[in-house]
Amino acid sequence: MKFLTEYRNPEVVREYLDELHRTVTQPWTIMEICGGQTHSLVKNGILDLLPKQVTMVHGPGCPVCVTPLGIIDEAIYLAENEGVVLCSFGDMLRVPGSEKSLLEAKAGGADVRILYSPLEAVKLAQEHPDREVVFFAVGFETTAPANALSVVQAKQLGVKNYAILASHVLVPPAMEAILGDPDNVINAFLAAGHVCTIMGMEEYFPVVEKYQVPIVVTGFEPVDLLQGILMAVKQLERGEAKLENQYARVVQREGNLLAMQTIEKVFEVSDRSWRGIGTIPQSGYEVSETYASFDARRKFNLQLAPVEENKDCIAGTILKGLKKPFECPNFRTKCTPEHPLGAPMVSSEGACAAYYHFHA
Amino acid sequence: MCLAIPGKIAAITGQLDETFRTGKVSFGGIQKEINLTMVPEAKVGDYVLVHVGVAISVVDEEEAKTTFEYLKKMGEVEELHENQEAP
Ligand code: SF4
Numbered sequence: 001m002k003f004l005t006e007y008r009n010p011e012v013v014r015e016y017l018d019e020l021h022r023t024v025t026q027p028w029t030i031m032e033i034c035g036g037q038t039h040s041l042v043k044n045g046i047l048d049l050l051p052k053q054v055t056m057v058h059g060p061g062c063p064v065c066v067t068p069l070g071i072i073d074e075a076i077y078l079a080e081n082e083g084v085v086l087c088s089f090g091d092m093l094r095v096p097g098s099e100k101s102l103l104e105a106k107a108g109g110a111d112v113r114i115l116y117s118p119l120e121a122v123k124l125a126q127e128h129p130d131r132e133v134v135f136f137a138v139g140f141e142t143t144a145p146a147n148a149l150s151v152v153q154a155k156q157l158g159v160k161n162y163a164i165l166a167s168h169v170l171v172p173p174a175m176e177a178i179l180g181d182p183d184n185v186i187n188a189f190l191a192a193g194h195v196c197t198i199m200g201m202e203e204y205f206p207v208v209e210k211y212q213v214p215i216v217v218t219g220f221e222p223v224d225l226l227q228g229i230l231m232a233v234k235q236l237e238r239g240e241a242k243l244e245n246q247y248a249r250v251v252q253r254e255g256n257l258l259a260m261q262t263i264e265k266v267f268e269v270s271d272r273s274w275r276g277i278g279t280i281p282q283s284g285y286e287v288s289e290t291y292a293s294f295d296a297r298r299k300f301n302l303q304l305a306p307v308e309e310n311k312d313c314i315a316g317t318i319l320k321g322l323k324k325p326f327e328c329p330n331f332r333t334k335c336t337p338e339h340p341l342g343a344p345m346v347s348s349e350g351a352c353a354a355y356y357h358f359h360a
Numbered sequence: 361m362c363l364a365i366p367g368k369i370a371a372i373t374g375q376l377d378e379t380f381r382t383g384k385v386s387f388g389g390i391q392k393e394i395n396l397t398m399v400p401e402a403k404v405g406d407y408v409l410v411h412v413g414v415a416i417s418v419v420d421e422e423e424a425k426t427t428f429e430y431l432k433k434m435g436e437v438e439e440l441h442e443n444q445e446a447p
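Protein chains in written order, with my numbering: chain D, 1 to 360; chain W, 361 to 447.
The hints are simulated quantities; they were obtained by calculation from the structure and are not laboratory data.
Hints are not guaranteed to be accurate.
Restricting the straight-line Cα-Cα distance to at most 27 Å, the calculated cross-link-like pairs of lysine-lysine (BS3-like) are [as the list claims (entries may be wrong)]:
| # | chain 1 | residue 1 | chain 2 | residue 2 |
| --- | --- | --- | --- | --- |
| 1 | W | 432 | W | 384 |
| 2 | D | 311 | D | 334 |
| 3 | D | 43 | W | 425 |
| 4 | W | 384 | W | 425 |
| 5 | D | 234 | D | 52 |
| 6 | D | 242 | D | 210 |
| 7 | D | 43 | W | 432 |
| 8 | W | 425 | D | 123 |
| 9 | D | 43 | W | 433 |
| 10 | D | 323 | D | 311 |
| 11 | W | 433 | W | 368 |
| 12 | D | 323 | D | 334 |
| 13 | D | 123 | D | 265 |
| 14 | D | 52 | D | 323 |
| 15 | W | 368 | W | 425 |
| 16 | D | 123 | D | 160 |
| 17 | W | 403 | D | 123 |
| 18 | D | 123 | W | 384 |
| 19 | D | 123 | D | 106 |
| 20 | D | 323 | D | 234 |
| 21 | D | 155 | W | 384 |
Only chain W is shown next, with the shape it has when bound in the complex (with noise of 0.2 Å):
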């Protein structure tokens, strides 16, 4: 449950008020609505590592795509089926 898995901004889909903010993510096919607050920066088509549909910060897209093959690979996606809300 401690792993960041990367992903890219699809979409900003709510604004609060001018630093809450949420949008859908795209993990390699799958795509979740996150919480975007922490990364106040991160525009559509940004990359960012998401912990427990929270964004926690702004990666490069070599640098996610790797990442996100190896814990593809390695089996450590799962986390992102529990749940999963209808696309």
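Just chain D, same shape as in the assembly (with noise of 0.2 Å):
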């Protein structure tokens, strides 16, 4: 019990805890599909509270982790080999390529620049016309808008030296391909609150109808996951399926119109290759036809080649719930935050690293 008196409300986690206690009488499985829940899960020693009957698995929900290695080559070479302003977020920066990352070619002598925002970039590009800037937008459906955004914008304003690298991936996809596998140990699964709040609810509903899987709309502070796993328990003890939402006060059914709007203008949905998984069908976005001229692959003619992934890296089978981190036996010997050999091990929101710093 030791975090427990630094939770925000310890009575209510308190109750929280003794009524899942009461309720579970079977053994369940439930994961979490976001990567900053995981991270808080890990972070607030929440998975030693749990009774043991309740495994928590922790999903695919990191954009860093599940960016393939040819992706991350194809920004290495823009960098590289175009001369452009490369951009992107900075937990991108770590992440092994094929060869090399990012911060690595940076050291070489690449122009590679961390921002907060891809709106960021499209002012970046407008104050240097003589320069090619690329944003690496990565992300799920949270950061779409934003990427989107930058794109509209840079149009509006004539920003014409300014394109995106896209690499967006969608979480009722990535559900549906567990749920699919024949392997699958999932019983429910907590939806991302943030991903909900700009894309609503609705494309859960035929998820929950189709495998019979509870699904539970949850946020990522300590009170809110216990919820959300008290919740989806019930329901599973009860032999329901049922869409709920535990982060009502934030998540509206419909989601954000205008967002989703942003996302359909600029945006197409297409197979998407997931690293450590493979590729699932209509799983990402890609920019439109209608914004062709600010696709960074359309611009400079790239052709994504088929990389291996790393073989010593169990990545996959860790993002499908199927082994632990530390069941992996590169963790914590050959595999460190310092020297990643997979990403779950670069990101804060990645599984490897959350349990490398905090589970002992």
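Both chains come to you apart, so use the hints to assemble them.
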């Protein structure tokens, strides 16, 4: 119970935990999709407080972790060979590509910059009309509106030296890929609150229906996570499968319509390869025809070469919930945050890094 | 990078057309230029959830404050300092 007294509402946490212990009668495996939730569960010591029948497994919801090697290689190629200013979120820089990371490319003289927002990259392009600026647009649905907006804004302002390298992934198809796997062990999902803030809840009804799996839209603070887990366990114990919303104070069922419209304008849904998992049909966004001149792939004629994943890294097994990070033979030995073999060890939202830092 | 951080709208600074808006949002002392296009109903004094420079929804004050305190305590607000503009 080490952290219990430090929670925002220790009494509420206590209540949820007690109720959880009273409710559970058999083993259940629940996956949280979002890397932010993984980070919070591990960092706050919640995993140690749960009844032993409840196993949490950590899903593929860290966009940095699932960005394929080939796309990182594309970003490095742009920075090194096309002389572009390659901008990205900080987390992306240390992820190893097939030969090096963006950070190593930067050390070698490439112009790689960390930005807080893609909109800052548009500004940078305006200030340097003589340079080509590319933003490495990774992310789930939460980040898609910002990346899309940067393209809309560049077009409106007539900024021609700006493009994005899109590496977007979508949550519901990933859930389906996990549930459809013959080895699937997941009984229920916590869906990511901030993804649903944008997209709303509609697209989860068919998943609940088809796989008869409870899905609870959940926030990321300890109290939220415990309540979400409790709601999922109650459904499981009653033999129900429903879509519920734990995070109603932030998530509306219909989502943010303006954000969805902006996404639809700029992106179209496409097949997407996930690092460690492989290709999942209709699980990503590519820049649409209308905005083709802002697509770095078309602008620089990039051909994504298939690259072998590092065979020593079992990230795919971990992202599907079949193994825990400490069951990887390289965990803490050959693979550490300083020398990561795979992406889940790089990002603070990756399962391997979370276990490395906060789990004994 | 997936977190959304709540902050208070301190000023509306730009309106490109009837929808495209920007403003200054303050996150416990740090002010940043934030895009407000996705939250057309938000006014000065309102609290918004911000993700990578874009406000994605309006939240009430209490929710904003407790969430910000939590994130700060957990050391999750450093990304606001990335490439921070001078105040
Ligand atoms: S510990 Fe390292 S090598 Fe093992 S799965 Fe995680 S990232 Fe891959």
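(message) Does residue 323 (chain D) sit within 27 Å of residue 52 (chain D), going by the straight-line distance between their CA atoms?
(response) With Cα atoms ~17 Å apart, residue 52 (chain D) and residue 323 (chain D) stay inside 27 Å; holds.
(request) Sort out whether residue 425 (chain W) lies within 27 Å of residue 43 (chain D), counting only the CA atoms. (result) Holds, because 21 Å separates the two Cα atoms, which is no more than 27 Å.
(message) For residue 368 (chain W) and residue 425 (chain W), compute the direct alpha-carbon distance and say whether it is at most 27 Å.
(response) Given pair residue 368 (chain W), residue 425 (chain W) holds - Cα atoms ~10 Å apart, limit 27 Å.
(request) Would you check the hint for residue 323 (chain D) and residue 234 (chain D), treating anything up to 27 Å between C-alpha atoms as holding? (result) Holds, at roughly 25 Å.
(request) Would you mind confirming whether the straight-line C-alpha gap from residue 384 (chain W) to residue 425 (chain W) stays at or under 27 Å? (result) With a Cα-Cα distance of about 17 Å, the restraint between residue 384 (chain W) and residue 425 (chain W) holds, given a limit of 27 Å.
(request) Take the C-alpha atoms of residue 425 (chain W) and residue 123 (chain D), compute the straight-line distance between them, and say whether it is at most 27 Å. (result) Outside the cut-off at roughly 30 Å; violated.
(request) Compare the distance between the alpha carbons of residue 433 (chain W) and residue 368 (chain W) with 27 Å, and conclude whether the hinted pair is satisfied. (result) 19 Å, holds
(request) Take a quick look at whether residue 432 (chain W) and residue 384 (chain W) sit within 27 Å of each other, Cα to Cα. (result) 20 Å, holds
(request) Would you check the hint for residue 123 (chain D) and residue 384 (chain W), treating anything up to 27 Å between C-alpha atoms as holding? (result) 16 Å, holds
(message) For residue 323 (chain D) and residue 311 (chain D), compute the direct alpha-carbon distance and say whether it is at most 27 Å.
(response) 16 Å, holds
(message) Tell me if the straight-line CA distance from residue 123 (chain D) to residue 106 (chain D) falls inside 27 Å.
(response) Holds. Residue 123 (chain D) to residue 106 (chain D) sits at ~21 Å (cutoff 27 Å).
(request) Take a quick look at whether residue 323 (chain D) and residue 334 (chain D) sit within 27 Å of each other, Cα to Cα. (result) Holds. Residue 323 (chain D) to residue 334 (chain D) sits at ~18 Å (cutoff 27 Å).
In summary, the one numbered hint that this structure violates is 8.
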